[in-house]
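Now for the letters of each chain:
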Amino acid sequence: MSIIERSPPIQPVQPPRARRHYLNSGYSVASWLLTVDHKRIALLYLVSITFFFVIGGIAATVVRLDLMTPQGDLVRTETYNKLFTAHGVIMVFFFLIPSIPAVLGNFLVPLMIGARDLAFPRLNLLSWYIYMLGGAFTLYALLAGGVDTGWTFYAPYSSTYSNTYVMATAVGIFITGFSSILTGLNFVVSIHKMRAPGLTWFRLPLFIWSIYATSIIMVLGTPVLAISILLVAMERLFGFGIFDPRLGGDPILFQHLFWFYSHPAVYIMILPSMGVVSEIIPCFCRRRPFGYAFIGFSSVAIAVFGFLVWGHHLFVSGQSVYAGLVFSMLSYLVAIPSAIKVFNWTASMHKGSISFETPMLYALGFIGLFTMGGLTGLFVAALAVDVHVHDTYFVVAHFHYIMVGGAVMGYLGGIHFWWPKMTGRMYPENWARLSAILIFFGFNLTFFPQYILGYLGMPRRYHVYPPEFQVLNVMSSAGASILAVGYFFPLTYLLWSLWYGKPTTSNPWNATGLEWQTPSPPPTENFTETPIVVDEAYDYERFDQQVGTGGAR
Amino acid sequence: MPEQASTLAPHVDRLYLSLIGMSLFFTLLITGFILYFAIKYRRGNLGVDRSSRTHRGVSMEVSVMAVLFTLSMGIFAWGATLYLSSSRIPSDGMDVRVVAKQWMWKFQHSNGRREINELHVPLGQPVKLTMISEDVIHSLYVPAFRIKRDVLPGSYASCWFEATRTGEFHLFCAEYCGTNHSRMVGRIVVMEPAEYGDWLGGTSPTESPAVAGERVFENLRCHTCHRSNGVATRGPPLAGLFGHEVKLADGRTIVADDTYLRESILRPSSKVVAGYQPIMPTFDGQVDEEQLIQLIAYIKSLAQP
Numbered sequence: 001m002s003i004i005e006r007s008p009p010i011q012p013v014q015p016p017r018a019r020r021h022y023l024n025s026g027y028s029v030a031s032w033l034l035t036v037d038h039k040r041i042a043l044l045y046l047v048s049i050t051f052f053f054v055i056g057g058i059a060a061t062v063v064r065l066d067l068m069t070p071q072g073d074l075v076r077t078e079t080y081n082k083l084f085t086a087h088g089v090i091m092v093f094f095f096l097i098p099s100i101p102a103v104l105g106n107f108l109v110p111l112m113i114g115a116r117d118l119a120f121p122r123l124n125l126l127s128w129y130i131y132m133l134g135g136a137f138t139l140y141a142l143l144a145g146g147v148d149t150g151w152t153f154y155a156p157y158s159s160t161y162s163n164t165y166v167m168a169t170a171v172g173i174f175i176t177g178f179s180s181i182l183t184g185l186n187f188v189v190s191i192h193k194m195r196a197p198g199l200t201w202f203r204l205p206l207f208i209w210s211i212y213a214t215s216i217i218m219v220l221g222t223p224v225l226a227i228s229i230l231l232v233a234m235e236r237l238f239g240f241g242i243f244d245p246r247l248g249g250d251p252i253l254f255q256h257l258f259w260f261y262s263h264p265a266v267y268i269m270i271l272p273s274m275g276v277v278s279e280i281i282p283c284f285c286r287r288r289p290f291g292y293a294f295i296g297f298s299s300v301a302i303a304v305f306g307f308l309v310w311g312h313h314l315f316v317s318g319q320s321v322y323a324g325l326v327f328s329m330l331s332y333l334v335a336i337p338s339a340i341k342v343f344n345w346t347a348s349m350h351k352g353s354i355s356f357e358t359p360m361l362y363a364l365g366f367i368g369l370f371t372m373g374g375l376t377g378l379f380v381a382a383l384a385v386d387v388h389v390h391d392t393y394f395v396v397a398h399f400h401y402i403m404v405g406g407a408v409m410g411y412l413g414g415i416h417f418w419w420p421k422m423t424g425r426m427y428p429e430n431w432a433r434l435s436a437i438l439i440f441f442g443f444n445l446t447f448f449p450q451y452i453l454g455y456l457g458m459p460r461r462y463h464v465y466p467p468e469f470q471v472l473n474v475m476s477s478a479g480a481s482i483l484a485v486g487y488f489f490p491l492t493y494l495l496w497s498l499w500y501g502k503p504t505t506s507n508p509w510n511a512t513g514l515e516w517q518t519p520s521p522p523p524t525e526n527f528t529e530t531p532i533v534v535d536e537a538y539d540y541e542r543f544d545q546q547v548g549t550g551g552a553r
Numbered sequence: 001m002p003e004q005a006s007t008l009a010p011h012v013d014r015l016y017l018s019l020i021g022m023s024l025f026f027t028l029l030i031t032g033f034i035l036y037f038a039i040k041y042r043r044g045n046l047g048v049d050r051s052s053r054t055h056r057g058v059s060m061e062v063s064v065m066a067v068l069f070t071l072s073m074g075i076f077a078w079g080a081t082l083y084l085s086s087s088r089i090p091s092d093g094m095d096v097r098v099v100a101k102q103w104m105w106k107f108q109h110s111n112g113r114r115e116i117n118e119l120h121v122p123l124g125q126p127v128k129l130t131m132i133s134e135d136v137i138h139s140l141y142v143p144a145f146r147i148k149r150d151v152l153p154g155s156y157a158s159c160w161f162e163a164t165r166t167g168e169f170h171l172f173c174a175e176y177c178g179t180n181h182s183r184m185v186g187r188i189v190v191m192e193p194a195e196y197g198d199w200l201g202g203t204s205p206t207e208s209p210a211v212a213g214e215r216v217f218e219n220l221r222c223h224t225c226h227r228s229n230g231v232a233t234r235g236p237p238l239a240g241l242f243g244h245e246v247k248l249a250d251g252r253t254i255v256a257d258d259t260y261l262r263e264s265i266l267r268p269s270s271k272v273v274a275g276y277q278p279i280m281p282t283f284d285g286q287v288d289e290e291q292l293i294q295l296i297a298y299i300k301s302l303a304q305p
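Those sequence lines, one after another, are chains A and B. Taking my numbering, I'd label the letters of the first sequence as residues 1 to 553. Taking my numbering, I'd label the letters of the second sequence as residues 1 to 305.
Derived by calculation from the structure, the hints in this document are not laboratory data. One or more of the hints may lead you astray.
Label-pair ranges, simulated between beta-carbon atoms [claimed, not checked]:
hint : chain 1 : residue 1 : chain 2 : residue 2 : range
1    : A       : V300      : B       : R114      : 53 to 63 Å
2    : A       : L65       : B       : I116      : 29 to 39 Å
3    : B       : Y36       : A       : T505      : 58 to 68 Å
4    : A       : E536      : B       : K40       : 44 to 54 Å
5    : B       : A38       : A       : S481      : 26 to 36 Å
6    : A       : G145      : B       : T81       : 40 to 50 Å
7    : B       : D250      : A       : V300      : 27 to 37 Å
8    : B       : S18       : A       : Y161      : 34 to 44 Å
9    : A       : I532      : B       : T81       : 50 to 60 Å
10   : A       : Y161      : B       : R114      : 17 to 27 Å
11   : A       : E429      : B       : A77       : 24 to 34 Å
12   : A       : D539      : B       : Y36       : 23 to 33 Å
13   : B       : R42       : A       : G198      : 26 to 36 Å
Given the structure is predicted, the values throughout are model-derived calculations rather than measurements. All C-beta atoms, glycine included, are put in the ideal place defined by N, C-alpha and C.
Given these sequences and hints, build the entire structure.
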């Protein structure tokens, strides 16, 4: 692209290069691979997660290209099944679940609570290695021939019938689960024990509240996933009759176990994003968030209710009618804390002084897409409607609105918000705004038609489909290509900014929060002196009076 | 909106449309507020009052929650009532037996006529499907009827519909079941009752499942223990059994339905009838799903004098 300015990088106006920070305190490979600095580990995660995102994205692109014609003539049927499985497995377990907690959480939790590091720095490094080991198994399964069970691994197909690399993939996910448990454990202990003096629970940033709730889910939920995978493995290897009725097992049992983890896992993906948005909105509105305590407690409420609703994935499976009723009602209860958040973010804009830098655009995009995803959640929780839309593209659209529209918008918003803190450089603002807008429109063009497709009756995971569904599928595929371009931009200009980005100050957005009180990039020990907190979070009104700013930059 | 071709479809669509209306309302409300605030309170707009802003508003939060709670419980109740009423299977319907396998749907009508990936049904009469899978989980889905039900291996699932329009409608497998999942499709043909009658009897005479079941029953020599004349011998009598309560040796009482009979044929010692010894051998591996269906149809026929 020729638009990018080619002028030679101006020597930084920044303090002379004498200042040591976490990025220049050692350049050797070992200084990265053996680091126990939470900020370096966050960057290790950033690089590896981006790698998996690209692989998962390529699989999605091929799937969408293939669906442009109803005959499915781009790839073979086996390949198609392996592609959507790879897309799901990689995006869920290796991108969405670790994305915000492992990258932004690792980077920010100690900084935000005024600590020098997490409670267990070595455990933190270990969790990255475990993640990579799990990823290696899954990549091996892909290269060796792939797996075709779908990311849900429903038994008895996965345990008895599939002839693909189920075991290698399952081992990969099993191992990665431990990384999730360790990260969650580390956060819980750090947030309890390592807060700076004066940082009471109700002075905590809302991002910390959401990470705390997320960590609880990771610690309590992930072992159940591990158990279900272990049981599938035992059935495959030794013929234990747990899920296959021919051996005396129960296939519904697998679904209960699987969703007992995988439904809360959706909240592992979305809660941290909500935390990010709760940071961005006050900053770019220059006002305290409306209903701080309600936003904080709603995170906890979502985490708790999130464990009680797994059965709404089983409305047509053969679970009893009465179980269906209970799970449906509980699902509606989760909607309330989620809606409370949307209400509070919107109300936070009232009488604000709003500016629209890239992170704010992502935050607003998040609210829009999350609202759409959340409202369609009411459709799938309504029993009689779910019977019709279950396992159709309606559900595909619904969870992409939540998991991609919600989680990824929050993730990208957070990356842009804290990028100057992480790297000490600014990204090119106009490119960033353009890509945020592209992603928003690309996303809607991709997934909105899928709601209609689903209600018209197109089942999910179909390689070949009736020709009357083609127009909507072509629209969706066109949107996907815009989305792909939108995702490609940040990948490029963020890398570019590492070398050519404008050097930035410690607090480019004039934000409150301890992480902005230390230089950018932060020194290895985070703070030269332990900060003492005397005030609530987000007192932007007073901040602006004292500093005399009208807002960011 | 897809075609409505069953008695259930208009009800589901009414709830669906109400949900769309409600979603539209909330989406527009939130978007409206965001746009209004974004324009009015944008940083460059200097002549706007930003003073005395609240940031707690407990009473407002509580009232918002109360409204949300009432609304969501209302939708829950609506969806639940509809679901409950649609899961009650009418007793006067015609029976169709369904066996799903990778990757086809096999149907059998009560007079014995078989079809693959196609099901002919009459207009305006409830049709009850009793379904089982020979391998993995499948799911029978007819969008025009708004019905879907997972078909499990190892136990019978059932669902029903009453068609309200003649024509051909998509039949899909909705639960991912392996390589040719997307080719496990077919059609439901709804015909005028008279036309259906002609179609059903129109081809070469077929054997009803009950008759076929009697032959299986004799071939497997079941009658040596289970006399059909109602006289108790080594095994409990089968006449008048289906649909009635059975007292088990462990004190429980169970209704003798398809699932119970199937289990008793495959795993006879798991639920032994009170007063009998667990001496029956298993027939697991000797009968396939279709023969099981025939055996049960035969036992069922003994129940009606």
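Quick rundown of the hints versus the structure:
1. V300/A x R114/B: 53 to 63 Å: At 57 Å between Cβs, range holds.
2. L65/A x I116/B: 29 to 39 Å: holds (33 Å)
3. Y36/B x T505/A: 58 to 68 Å: violated (33 Å)
4. E536/A x K40/B: 44 to 54 Å: Check failed, 26 Å falls outside 44 to 54 Å.
5. A38/B x S481/A: 26 to 36 Å: Cβ of A38/B to Cβ of S481/A: about 29 Å, so the range 26 to 36 Å holds.
6. G145/A x T81/B: 40 to 50 Å: holds (49 Å)
7. D250/B x V300/A: 27 to 37 Å: violated (45 Å)
8. S18/B x Y161/A: 34 to 44 Å: holds (41 Å)
9. I532/A x T81/B: 50 to 60 Å: Since I532/A and T81/B have Cβ atoms about 58 Å apart, the given range 50 to 60 Å holds.
10. Y161/A x R114/B: 17 to 27 Å: The hinted range 17 to 27 Å holds for Y161/A and R114/B, with Cβ atoms some 25 Å apart.
11. E429/A x A77/B: 24 to 34 Å: violated (50 Å)
12. D539/A x Y36/B: 23 to 33 Å: Holds, at about 26 Å.
13. R42/B x G198/A: 26 to 36 Å: For R42/B and G198/A the Cβ distance comes to about 35 Å; the hint holds.
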